[in-house]
Amino acid sequence: MTDDDDRVFKALADPTRRSLLDRLFERDGRTLTELEAGMGMTRFGVMKHLRILEDAGLVVTRRAGREKLHFLNPVPIRLVHDRWIDKYTERQVSALADLKHELEGGSA
Amino acid sequence: MTTDTLTTTQVYRVYIKATPEAIWTAITDPSWTERYGYTNRADYELRPGGAYRSTASEAMKRGAEAAGIPLPEVVVDGEVLEAHPPHRLVQTFRMLMAPEAAAEGFTRLTYEIAETKGGVTKLTVIHELEGAPNLALIVGGQQEELGAGGGWAWVLSDLKSLLETGQPMDWDDGLKR
Numbered sequence: 142m143t144d145d146d147d148r149v150f151k152a153l154a155d156p157t158r159r160s161l162l163d164r165l166f167e168r169d170g171r172t173l174t175e176l177e178a179g180m181g182m183t184r185f186g187v188m189k190h191l192r193i194l195e196d197a198g199l200v201v202t203r204r205a206g207r208e209k210l211h212f213l214n215p216v217p218i219r220l221v222h223d224r225w226i227d228k229y230t231e232r233q234v235s236a237l238a239d240l241k242h243e244l245e246g247g248s249a
Numbered sequence: 005m006t007t008d009t010l011t012t013t014q015v016y017r018v019y020i021k022a023t024p025e026a027i028w029t030a031i032t033d034p035s036w037t038e039r040y041g042y043t044n045r046a047d048y049e050l051r052p053g054g055a056y057r058s059t060a061s062e063a064m065k066r067g068a069e070a071a072g073i074p075l076p077e078v079v080v081d082g083e084v085l086e087a088h089p090p091h092r093l094v095q096t097f098r099m100l101m102a103p104e105a106a107a108e109g110f111t112r113l114t115y116e117i118a119e120t121k122g123g124v125t126k127l128t129v130i131h132e133l134e135g136a137p138n139l140a141l142i143v144g145g146q147q148e149e150l151g152a153g154g155g156w157a158w159v160l161s162d163l164k165s166l167l168e169t170g171q172p173m174d175w176d177d178g179l180k181r
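Protein sequences, first through last, are from chains A and B. Residue 142 is where the first sequence starts when you use the numbering used here, and the numbers rise one by one after that. Residue 5 is where the second sequence starts when you use the numbering used here, and the numbers rise one by one after that.
Pulled out of the complex, with its shape left as it was, chain A reads as follows:
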């Protein structure tokens, strides 16, 4: 586990932040004003959560004129998946494949 992975897991371990990511998944490139609508918290609260998401690399911001737009960046989740979670799911998959082989009466 690297520090980067740590930041991703910590950022994801909060329902408000997951909800912000879900909203960006539905429609990307939103302003702070759009994101705070219906979140039931202050602008500063939303900004704090967005900053944690940005630090983890899960949100990338870009300027368009006077506006700052927020984009969902799925790469850190992909990195966690590829480097860390895959390790465990692969073992399960190969165990299932062995089981299937055995149940079907095959011999190596």
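None of these hints come from the bench; they were simulated from the model. Every residue, glycine too, gets a C-beta built ideally from N, C-alpha and C. Honestly, I wouldn't trust all of these hints.
Derived lysine-lysine pairs resembling DSBU-like cross-links, with alpha carbons at most 35 angstroms apart [as the list claims (entries may be wrong)]:
id: 1; chain 1: B; residue 1: Lys-65; chain 2: A; residue 2: Lys-189
id: 2; chain 1: A; residue 1: Lys-209; chain 2: B; residue 2: Lys-65
id: 3; chain 1: A; residue 1: Lys-189; chain 2: B; residue 2: Lys-121
id: 4; chain 1: B; residue 1: Lys-121; chain 2: A; residue 2: Lys-228
id: 5; chain 1: B; residue 1: Lys-65; chain 2: B; residue 2: Lys-126
Away from chain B, derived, C-beta distances all over 10 angstroms, residues of chain A [as the list claims (entries may be wrong)]:
id: 6; residue: Asp-146
id: 7; residue: Phe-150
id: 8; residue: Ala-154
id: 9; residue: Asp-155
id: 10; residue: Leu-162
id: 11; residue: Gly-170
id: 12; residue: Arg-171
id: 13; residue: Leu-176
id: 14; residue: Val-187
id: 15; residue: Met-188
id: 16; residue: Arg-219
id: 17; residue: Asp-223
id: 18; residue: Leu-240
id: 19; residue: Glu-243
Here are some chain A residues the structure puts well away from chain B; computed CB gaps all over 12 angstroms [claimed, not checked]:
id: 20; residue: Asp-147
id: 21; residue: Asp-227
id: 22; residue: Tyr-229
Add chain B to chain A, keeping to what the hints say.
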């Protein structure tokens, strides 16, 4: 870019322990593009107005043949709009391997490569996908289960792995090797 086009824009960012030059080469040199992601050969004429062409890898040809899908030789084409090695590449991008995406025409793709501290380089990919909802699904990785690969997140994860470890990820989805 207006706010309207930005809602269809996809932005990807990855930090890679490599020089900007190494990343630029990995994006624009065919001997590198064949080693990660979709493993297609990319040919760039690196000047404004120059051609961009990505040709199907052997693995992709085999996969398409096995699945009974016709595959054109050139799978993506486009035109170079700006080339400032090793920091900025802007091009058009039209995917030809899926008819519904091909019909959507050209989109705009920008690579931004910026040094940060500690020998780490920030690579940002901005894909403007206005009027290209089918291509947006493919490059967004939402058709991975259908065998379309994992899009930009997958490509960039693999690129990071290749540049940092010398090895691409060991995919088991049959697209490669």
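Hints, verified against the model:
1. B:Lys-65 / A:Lys-189: This hinted pair is violated, its Cα atoms lying about 48 angstroms apart.
2. A:Lys-209 / B:Lys-65: Violated - the C-alpha atoms of Lys-65 (chain B) and Lys-209 (chain A) are around 42 angstroms apart, more than 35 angstroms.
3. A:Lys-189 / B:Lys-121: Holds: Lys-189 (chain A) and Lys-121 (chain B) sit about 25 angstroms apart, inside 35 angstroms.
4. B:Lys-121 / A:Lys-228: This hinted pair holds, its Cα atoms lying about 30 angstroms apart.
5. B:Lys-65 / B:Lys-126: holds (32 angstroms)
6. Asp-146: holds (13 angstroms)
7. Phe-150: holds (17 angstroms)
8. Ala-154: Ala-154 (chain A) is indeed farther than 10 angstroms from all Cβ atoms of chain B, at 21 angstroms.
9. Asp-155: holds (21 angstroms)
10. Leu-162: holds (14 angstroms)
11. Gly-170: Incorrect as stated: the minimum Cβ-Cβ distance to chain B is 4 angstroms, not above 10 angstroms.
12. Arg-171: The assertion about Arg-171 (chain A) is violated, with a minimum of 8 angstroms to chain B.
13. Leu-176: It holds; Leu-176 (chain A) is separated from chain B by about 13 angstroms at its closest Cβ, greater than 10 angstroms.
14. Val-187: holds (19 angstroms)
15. Met-188: Since the minimum Cβ distance to chain B is about 19 angstroms, Met-188 (chain A) lies beyond 10 angstroms and the statement holds.
16. Arg-219: violated (4 angstroms)
17. Asp-223: The claim breaks: Asp-223 (chain A) does not keep its Cβ more than 10 angstroms from every Cβ of chain B (closest is about 5 angstroms).
18. Leu-240: Correct as stated: the minimum Cβ-Cβ distance to chain B is 18 angstroms, above 10 angstroms.
19. Glu-243: holds (21 angstroms)
20. Asp-147: holds (14 angstroms)
21. Asp-227: At about 8 angstroms from chain B, Asp-227 (chain A) fails to clear the 12 angstroms cut-off, so the statement is violated.
22. Tyr-229: Check passes; 14 angstroms lies beyond 12 angstroms.
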